[in-house]
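**Q** Listed below are the residues making up each chain.
Number of protein chains: 2
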Amino acid sequence: MGILVVGTVAFDSVKTPEGEASDAIGGSATYFSAAASFYAPVDVIAVVGNDFPLDALDFLRERQVDISGLEIREGKTFRWAGEYAANMNDRRTTDTQLNVLSGFRPVLADRHREHDHVFLANLDPDVQHEVLSQSGRPGIVACDTMDFWIDGKREALQSMLNRVDVLIINDGEARQLVDDHNLVRAAGRILDLGPRAVVVKRGEHGATLCTEGRWFALPAYPVSNVIDPTGAGDAFAGGFMGYLARSGDTGVDALKRAMVHGSVMASFNVEDFSVRRLASLTADEISDRHDRFLEMITP
Amino acid sequence: MGILVVGTVAFDSVKTPEGEASDAIGGSATYFSAAASFYAPVDVIAVVGNDFPLDALDFLRERQVDISGLEIREGKTFRWAGEYAANMNDRRTTDTQLNVLSGFRPVLADRHREHDHVFLANLDPDVQHEVLSQSGRPGIVACDTMDFWIDGKREALQSMLNRVDVLIINDGEARQLVDDHNLVRAAGRILDLGPRAVVVKRGEHGATLCTEGRWFALPAYPVSNVIDPTGAGDAFAGGFMGYLARSGDTGVDALKRAMVHGSVMASFNVEDFSVRRLASLTADEISDRHDRFLEMITP
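One line per chain: the protein sequences are A and B, in this order. Going by numbering that gives the first Met the number 0, the first sequence opens with residue 0, and the numbers climb by one from there. Going by numbering that gives the first Met the number 0, the second sequence opens with residue 0, and the numbers climb by one from there.
The hints are simulated quantities; they were obtained by calculation from the structure and are not laboratory data. Everything numeric in this text was worked out from a predicted model, so none of it was measured. You can trust all of the hints, since none of them are fake.
One copy or two, it doesn't matter: identical chains are merged, so the pair holds either way.
Cross-link-like lysine to aspartate or glutamate pairs, in silico, EDC-like; alpha carbons within 20 Å at most: (1) Lys14 <-> Asp179; (2) Lys255 <-> Glu294; (3) Lys152 <-> Asp179; (4) Lys255 <-> Asp290; (5) Lys14 <-> Asp94; (6) Lys152 <-> Asp191; (7) Lys255 <-> Glu211; (8) Lys152 <-> Glu129.
Between the sequences and the hints, there should be enough to build the whole structure, so can you do that?
**A** Here it is in structure tokens:
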């Protein structure tokens, strides 16, 4: 079964304690599909400007990623720049240029409506609503969001949460969304907003899955050479949705196994700038790390 | 098999977002033995002033804790005061009065030398050295420390680490001890200092065990009503050493299982001020939560 992802393809300029990368390929849809492509066919909907070097996405095409839904508009590609603190967890956005992303109105083709798995990466909740209204009846819809929309478009976001199955969000955003410092309570309150499951990504501290009456938590895979955390959350979502699509199962136990796959993909992603590590990755490396990780978390 | 703990018995005054407690019973040896007593007999060595109400420790005596090694000196008991931030993770010490703790020189009786399990709670590394020099040949020695000694007595601390089997330390201290932000690398470097295993306590983010070539990590048990985190690290150590003493096993798999027990005991401890929750706790509650926790961490 295939996956539809609607998100961004972007140029990122990133500074971390380990170095920097300028105008590197980034964007939520890029990271997501690079990770998910190891598990299932992926269809991408996004927009770039005519300054974007399409051959930079050849590694995706060589896997199972269909990027024919990538709209190319006159103008410049979305650009983001940020800088990470010494702890590699806190980051500061130093520049955002929406460019062609402003006014992005995704249009789904017939084949996009057939996917049973849909991931709405971090975008304006109104745009996420539009995608859902155009989509068929997917078996599972997951979405991400960010502080900017929680602050600025809370109502649209909340009604959107009522239409999705899984919210994949980071810890700070989860606390902000329901204004509760305690993550256990916060996750419970988010469930009250509609989704069947909440995945809270905690960076180097792992990830937590909360469903009605059940709780599952994972530490992060230990990475000794963290180079650039950018995109780790989307790589997590890619491994998570990828596993669900491959297994064809959406029960709680499948969600738990999907968390392990998401953690593994995120752990690879942070080992280099941009999508370099995901681009060079092999299925054998994933399988090896998955097994090692399982051993590390099993008492 | 019994456990010897050398640490503090204290008065704590604590302010958290959930309330406050003044001159409540605290101290590392108190929290440790309250937790460990559910697993094995515990022998306490500590010092209090003649202002200390000994009947406050009756709940320990009623379990398997021998407090005849509690020295009562003319003067005031050690006092600590602190205040927790809204996130319940960051805390600020507002007052420390060493009182009878300054000049504390533990003297081991013959029966103390027979214990196969020894826990050196956070104390001056010179005092920890003295205890080790008096002890017999325990099968496993674990110790804790804090930023104050890492800064002020690094050499004594490092030579002490060469004499212990397990260092139980929090994440900030682990980073500080070897000056490395990356916890994976930091844990590896700590092993180079001598201990066979390092347990890194990460508060609400769980705990990690690092041994030569192996890594094991746990999330924290999800507590929705965190009232007071004081003593959680010592309660963790109590569950950890308690399980090892009960099982009589010190292999890596036993250390992993001990981590689960430590996490469970820490999770109870934070549910009320002082040792109140550990004092009211029952073996059935521990066993229930242990099983629920295992389910929460098993994919």
